[in-house]
Every structure is written in structure tokens, then in C-alpha cells.
Amino acid sequence: MASLITMDDLSNEDILAILDDAEILLPVARGQAYLPLLQGKLLGNLFFEPSTRTRMSFETAMKRLGGDVINLGDVSSSSVVKGETLYDTIRMVDGYVDIIAMRHPRQGAAQYASDSAEVPILNGGDGAGHHPTQTLLDLFTIRQAHGTIEGLNVALVGDLRFGRTVHSLSHALVRFGCSLTLVSPDSLRMPSEIIDDLQVLGATITQTEDLAAAIPSADVIYMTRIQKERFPDEDEYQRVAGVFKLAAADLAPAKGSMIVMHPLPRVDEIAPDVDATVHARYFEQAFNGVVTRMALICRLLGITVPQTIDTGNGGES
Amino acid sequence: MASLITMDDLSNEDILAILDDAEILLPVARGQAYLPLLQGKLLGNLFFEPSTRTRMSFETAMKRLGGDVINLGDVSSSSVVKGETLYDTIRMVDGYVDIIAMRHPRQGAAQYASDSAEVPILNGGDGAGHHPTQTLLDLFTIRQAHGTIEGLNVALVGDLRFGRTVHSLSHALVRFGCSLTLVSPDSLRMPSEIIDDLQVLGATITQTEDLAAAIPSADVIYMTRIQKERFPDEDEYQRVAGVFKLAAADLAPAKGSMIVMHPLPRVDEIAPDVDATVHARYFEQAFNGVVTRMALICRLLGITVPQTIDTGNGGES
Amino acid sequence: MASLITMDDLSNEDILAILDDAEILLPVARGQAYLPLLQGKLLGNLFFEPSTRTRMSFETAMKRLGGDVINLGDVSSSSVVKGETLYDTIRMVDGYVDIIAMRHPRQGAAQYASDSAEVPILNGGDGAGHHPTQTLLDLFTIRQAHGTIEGLNVALVGDLRFGRTVHSLSHALVRFGCSLTLVSPDSLRMPSEIIDDLQVLGATITQTEDLAAAIPSADVIYMTRIQKERFPDEDEYQRVAGVFKLAAADLAPAKGSMIVMHPLPRVDEIAPDVDATVHARYFEQAFNGVVTRMALICRLLGITVPQTIDTGNGGES
Chain A
675 MASLITMDDL SNEDILAILD DAEILLPVAR GQAYLPLLQG KLLGNLFFEP STRTRMSFET
735 AMKRLGGDVI NLGDVSSSSV VKGETLYDTI RMVDGYVDII AMRHPRQGAA QYASDSAEVP
795 ILNGGDGAGH HPTQTLLDLF TIRQAHGTIE GLNVALVGDL RFGRTVHSLS HALVRFGCSL
855 TLVSPDSLRM PSEIIDDLQV LGATITQTED LAAAIPSADV IYMTRIQKER FPDEDEYQRV
915 AGVFKLAAAD LAPAKGSMIV MHPLPRVDEI APDVDATVHA RYFEQAFNGV VTRMALICRL
975 LGITVPQTID TGNGGES
Chain B
675 MASLITMDDL SNEDILAILD DAEILLPVAR GQAYLPLLQG KLLGNLFFEP STRTRMSFET
735 AMKRLGGDVI NLGDVSSSSV VKGETLYDTI RMVDGYVDII AMRHPRQGAA QYASDSAEVP
795 ILNGGDGAGH HPTQTLLDLF TIRQAHGTIE GLNVALVGDL RFGRTVHSLS HALVRFGCSL
855 TLVSPDSLRM PSEIIDDLQV LGATITQTED LAAAIPSADV IYMTRIQKER FPDEDEYQRV
915 AGVFKLAAAD LAPAKGSMIV MHPLPRVDEI APDVDATVHA RYFEQAFNGV VTRMALICRL
975 LGITVPQTID TGNGGES
Chain C
675 MASLITMDDL SNEDILAILD DAEILLPVAR GQAYLPLLQG KLLGNLFFEP STRTRMSFET
735 AMKRLGGDVI NLGDVSSSSV VKGETLYDTI RMVDGYVDII AMRHPRQGAA QYASDSAEVP
795 ILNGGDGAGH HPTQTLLDLF TIRQAHGTIE GLNVALVGDL RFGRTVHSLS HALVRFGCSL
855 TLVSPDSLRM PSEIIDDLQV LGATITQTED LAAAIPSADV IYMTRIQKER FPDEDEYQRV
915 AGVFKLAAAD LAPAKGSMIV MHPLPRVDEI APDVDATVHA RYFEQAFNGV VTRMALICRL
975 LGITVPQTID TGNGGES
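Protein chains in written order, with the working numbering: chain A, 675 to 991; chain B, 675 to 991; chain C, 675 to 991.
Rather than coming from a laboratory, the hints here were simulated on the basis of the structure.
Fair warning: there could be bad hints in the mix.
You can't tell identical chains apart in this list, so a pair holds if it fits in one copy or across any two.
Unchecked claim - Derived SDA-like pairs (lysine to any residue); straight-line CA-CA distance at most 25 Å:
(1) K902 / D682
(2) K902 / K919
(3) K919 / E883
(4) K919 / E758
(5) K919 / R765
(6) K919 / D688
(7) K929 / P980
(8) K929 / R704
(9) K919 / G757
(10) K919 / T880
Computed from a predicted structure; not experimentally measured.
Modelling step: build the complete structure from the supplied sequences, incorporating the hints.
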């Protein structure tokens, strides 16, 4: 059984097949149908770096399908503190579970874990590296809104330098022929080596600091958080962060079908008045993390998702 | 589906119906019968303030009925620290689960969550506000001992000023026609606005600092913990806390049917020698939290509790 | 139902029966067969002292058999901090679950808990006292490799003074007629009262500081971690710890059937190059913790393990 470490582990056909399965599983993720495909299966949640949302999303995915989860728990009180190597921790948990979801502060840790383990590893983020399950849920959300992920205009906004989320996503979007508008302060531009990679794939890329100008033609505006820690100076942070924000009024020139996304948590990049617009999709996006992870786990465990699901005894929630 | 934020969300008939269901579910809570009424259902445990007992009780209630739980986990390492608003956290978890149990340090937080969420919210305590699931288990324990909750003499003892437990409970007891004896140091008296409210409902209330005098006529003595943090001065704390304590010898003048309750954890308000008396009910009371929460969750999720339960394959534990 | 506090709670016949059941359950522990023997059952995990491996192992054992777990969670944010006694915590959890696994820093705590509770207590380590479930998994691992646990030569290496693991294990090995070679620095020798006890049982014991000399005749080399905190002085620690280490080259004179064990986590007592030798068994040993705990929990809950298991729908992981 294979692991998912970067989006390169999946072909475009693989991605679409996972999104198709995810769509079928929607009623199960919503609690409208009970389908214990993962009964008796265990996922090990190894979060060497805390992540409420990603951890809970993996956990929900397993439990909605009748599986269960073993959490490593707080790293500061775990055997890691006693000096255990990542190799030993992985070998231990490898014996306990059927599949491992992990986040680690060190780039390359997920690949290293996959080389050490017999069960599949799901990379839930490794340093500034990859975050492929986030990319799958982003693609699902885009396809859900637009019916396709091909040939769209996607604006990626905010911290494009340190954000692994936008690195993984931009790569996948280009594979599906999307045009990218990269909107960031000069100090947080997408690294040039990533842009070079994207251009080798034939990407159409526009770089700008002008968020307002990017709105009218966008099919997707993907906002990200600008972290205060990135700036040596509070004033500089305030100046920069103040510009890369959206409020409902800013969206007047947008297409009706344009969607606003955000990997969450947001701080103040998106004003609360956007929530009530037709464009807001970030909460659906978070929910979609459950359904795409359900589909992905089934695939890696070799479990076939049925093509229709009976929602006879449910449907209300 | 409605939430449970305060006891005012339930009529007296609702309360009695929940207690009836809870009684039926006793063998399931004891592990003597397996009844997976909540199979496929998920509860989100959002404890923004730690509470071992309440969190474990909700978790046990779900799992005894075949459901499962997603824990937000330690708030200090969650997305809350990254500056996420309560609104956003609730909207995220709302997409993952079928029902949310929450505790929050801020009064009104549970109502706010309920306004934000689509799934029902169970208020597990919000600041100095309400704690209705504690009140339900208290009422269950009283009815279990006395066969009724109507017309009893209940002495509430200790910190009546800051304790949300006694605020919620006193209100409910008055709705069932109980007489209240409020026994506290002068500095920890029940707030006058709560007493006014109770009197509008027709309550018979006696206020006193004399615990011994309240014992002979009481049907229930409800002890609470006096927290050292409430006092500016260790001496004052010692003087006050020393008085509002029960030992077995103090109970000699009590009625045989009188029960001693405590929301736990206790520190030294109740001496260990009380545990062996016929009056002690605090451990049963803690256990009753499981069975009343089972009944309540079923009610809020629209799941009917059967009127008889087969305990053929169990019964011993 | 009885508790398991020390290995003295089990006769040799009991031990062998548990190991037999554990062997049958191997495919279930590996996720190759689904056997929900513990459906509807709850284990309470009360770790007053953190232990990633032992906690996860109990949790995996329950969940692989269809049961579930309630975790006390981080003691620093639990009701224990509010001043609750161990007695009260145990009485509370006793009402919630069918069986309790606990670890506590105080020797004797598990016996005290067992005296307080109605459900069985599984001692997961109490101070410098006992750790019987570790001993069961060690015995299982030895029998798996050698086909028997009788009459073997076992070398126990490292910290024999403070390690409860080697205290419990040495006692059990002597009951099965094993010869012991105790290899440790002088300051970390097995306490003389334990050696006296073992000799009363008829043990053949050799004490030495020479690890190399113990290798050729050993059937089992059981390594343990020497903790820096045991030494007043970093130099002394480095001098001592440097000697009680194994590398692959050291194993040249060993018997082909000799196995190297370690309760994990290791720091650097066993070099990574040992992992690839035929002798290394520490990761299997960790996995065996799941299967022996499964068998043990079934036994204490009075649930019969079937003598054959259908692995028709699994087998690949």
C-alpha cells in the first residue's frame, strides 16, 4: 500500500477518482447515512506539531466510516521527550494501526516515516514542505462550485512565501490548466524556484500586489493568513497585513460564481460580513476536508467506495 | 433540532420525560446491556475550560450508546491560540459532528454558539452562567432517592455566590415546589437578584449561616466547594471554609432518607467517613451524569429511547 | 472480577493461558480479522504519569476488539489539580467504565485503586513497584521466539536498580525456571532484597559488569535505558552509560536464536545497526503489548476468546 506524501504521488486521474468517491460519501460525512466501510480499522494520529483542524478532520473521517483513531497526544508529554527518534516512534505506531496521519515541523519527515513504516503514511504537513490532503479538499471545493477544476482563474492571496498550502495547491491547479494570479506583498512573494517549476508545467502566472484588480476576473480567491511572526517589526506587519484583506464591499465587481476560500483559521483577512455573501466557501471547505480524507483513506487501504449510498434512515442534519 | 442552554429551555414535562428515559437507560450506562442507539453519531467536545468529569461523562454517554466523540483537545495548543474566534471554531466543528457539548469561561458563550451552529449545543457550563446538564443529573439523583422531586426540603450549602451549579439547581427545584435553605458564609450568599427571581416563582427560602440547624429537616443536603481563590486572605478562607463541612457525626439528627450530594470534585467539605453512611450519594450522582446525558442527547438528536431494554447478556458489573 | 496488580495475581497456568489467547488474537491485533469481542465495553485510561506507549497499547487493544476508551487526559488540567484524592477519582471513573488501566507515580497506588473500585484495575506501572502487563508482553515475545519460556538463559542489562520492568520480569522468569545474568554498573545493581526473593524461589543468578561476556550463552538479552537523572554528574553518567550498549558487531558471538529485547523508548543503548539483525525483537515486542493486553482484558471481563479466528476478509496488512 502506498503513502500520500506529495501531490506528485497522485496522477490527475487518481485525483479525480478520489474527488468522485468523496462526492459519493457526502451523506456519510454529514451523518445522513451510516456506512461502516472502515469498521475494525485504526488510524494513528501523530501530530508532532499541533493542528486542531487537520487532526479533528482525520479523526472525523475515520469515525464517520466506523473506524477508530489512536492519538499520539501531546508531544510534550510523550516518549518523544525521552529522546526517542522519529524512526522508533513510527516503528512502534506502525505495529498498532492500519494507517498513519502525521504532521511534523521538519520538511521531509513524512517521506522518512513512509520509508520506515509498513502501513501507509498520510502527510498532514511537514514543515515548509507539502500538505497534500489540504490540496485535495481545496480541489474538491473548487470543483463543487464550478463543476470542474480545469481552466479556471485562481487568485492566491497573502503569504505565498511560507505557506505550504498555496505551494501544494498552485502546483495542482497548474496541472489542471488553471491560470494563477499571485497576490502578495513583495516580501512574501512565491519563491522563484516554485514559480520556475510551475512555468515548466506551462503555467500562466501573473504576480501583483493589487488585490482589488484581481477580483473581477477571478473564479476563485484563495486567501491566506499573514503571520505576525514573519515580520521583524509590528508597524511593517500592520502595513502589509492591512492591504491583503477582503470585506463584502470589495466583492461587488466579482463574478457571481466567484468563490472565496481560506484554509482557516482566519484572523482578520476576511471580514465577517463576507460570510453572508454567496461567495463565501471557507466553512464548506473545512467540512470538505472530512469527505476527501474519507475517500483517500479508503483508497490507501484498498477499500472500494460503493457507487450509490442509501440515505433512507437519515437526511435531516 | 434545539439546543440546551439553560433549564428554561425545558418545561417540567420535558424534564420528567428525560429523567424517565434516563432511568430506562441505567443498564446501558452500567454496561449490562448493549444498545447502539447513537451508532454513526458524533459528538464534538469543546472544552475551552478544562473539566475532567463533565467531559468524560459526555464521552461515556456517547460511547455507551455506540456513538463516538471528537475532542477539541487542549485549548492551549489549538487553533484558538492562533486567534480564531469562537464563531469560526463553532462553524468548523458544526460541519464535523451531529451535536456539540461545550464549556466556556464566558457567560453567554453557549447561547452565542447555538446561534452560530446548525447542530444542537449542550451547554456544559458558561462562566458564572448556567450548567443545565448538571441540574438534570442532580434532579435525577434526588428523584431516585425520594421517588419525586416535588415538595422536598433542600439545603444548598457553601459557595452560593459564584457556584453556577447551585444557581441552575435552585431555579429548577423551585419550579418543582421545593423549599430551599441557603446555608453559606455571609460573603458567599446567593446573589439577591437570583433570590428575587426565585421568589417571583413562589419559592420558600430560608437563609442561614448555621449548617447544623439545617440538617434535621432536610431531605437533601447539597454541599459545594468553597474555593480559596475567592478570598483575599488565607486566614479568612480557613475560618469560613472550616464551618461549612460535614462529617458522619454531624448527620446523627438527620432523617434516615436524607441524602448528601456534591457536584465533585470535593476537597474537604465532606469527610471521608460520610462515604460509608446511608446518606452519601455523590458517587451515584456522578454516575447519574452519564445516564441523564444519554437521555438528553437522544432527545436532542430525535432518537427515541425504547421503553424496555433487554439485559439478557449482562447484568453483573 | 479480579484486578491485575502484580504478577503474583497470576499462577503460571494463568500466564500460559493468557499467552495462548494472545497468540490466537494475533490476526485481530494486526487488523487482518475483525472480532468485536469487547463491543459496548469501555476502558478508562488513567495515566497520572504520562506513558505514550503503554496508553496507546491499551487503547489499541480495546479498539481492535470493538471496545472503546475514555482517557482521563492530561493530569495537569484535570480535577486532580483541584485537590481531588485518588480515591475520589477512582470512584468517579469506576462508575463510567468496565475496566481501568492506570499508571501512577506512587508505589502501591494500583492496589489502593483496586481496593476502592468495583471494576478490575490493570496496573500499568506504579512508581518503582510493578508493571505486570509489560511482563506479560515480554514473556509472550520470549515464547514466540523460543517456543517456551522455561529454562532459558536471560541476561538483564542496564539499570536494574530503579527499573520496575526488570523487577517484574526477573521474578516471572525465575518462576519458569530461567537462569538470570544481571549485567549492570555497580551503582545500578538489582536491589539485594529482590535478589533474595528470587533466590528463595530457587533462582540461578549471576551478577556481572561485563556485557560482552554475557552474550555467547544468552538466549535473551534484555536491554534497558540508563537514565541521566540517576547520576549526580554528567561525566559519571557518560562513563557508565557508554558501557551498557549493544551494536551489531557485538552480537557476532551470540547464538543464532538469541533475541535482543528492550521495553522502549531506547535512547542509544541499542545502535540502529542492530535493527537489521536476526536478533532484534524490540519492535515486535512493542506490538505484542497489544495482543497480550487484548487477551488479558478479555480474561478480566470474563469474555472467552474463541479458539480459532476467521481471517477470510483480511490478511494483507
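Do the hints match the structure? See the list:
1. Taking identical chains as interchangeable, the C-alpha atoms of K902 and D682 are never at most 25 Å apart, the minima being 31 Å within one chain and 44 Å between chains.
2. Proximity of K902 and K919 under a CA criterion of 25 Å is satisfied intra-copy only: 15 Å inside one chain copy versus 46 Å between copies.
3. For a Cα distance limit of 25 Å, the shortest separation of K919 from E883 inside one copy, 12 Å, qualifies, whereas the shortest one across copies, 59 Å, does not.
4. Taking identical chains as interchangeable, the C-alpha atoms of K919 and E758 lie at most 25 Å apart only when they sit on different chains, with a minimum of 16 Å there against 43 Å within one chain.
5. For the identical chains of this complex, K919 and R765 are inter-copy neighbours only, at 21 Å across copies versus 44 Å inside a copy, given an alpha-carbon limit of 25 Å.
6. In this assembly of identical chains, K919 and D688 lie within 25 Å of each other by CA distance neither inside one copy nor across copies; the values are 35 Å within and 47 Å between.
7. Taking the shortest Cα distances, K929 and P980 never come within 25 Å of each other, neither inside one copy (36 Å) nor across copies (53 Å).
8. Taking the shortest alpha-carbon separations for K929 and R704, neither the intra-copy value of 29 Å nor the inter-copy value of 53 Å comes in at or below 25 Å.
9. For the homomeric pair K919 and G757, the shortest alpha-carbon distance between copies (16 Å) is at most 25 Å, but the shortest distance inside one copy (43 Å) is not.
10. Within a single copy, K919 and T880 get their C-alpha atoms as close as 19 Å, which meets the 25 Å cut-off; across copies the closest is 59 Å, which misses it.
Against the hints set out earlier in the document, violations occur for numbers 1, 6, 7 and 8.
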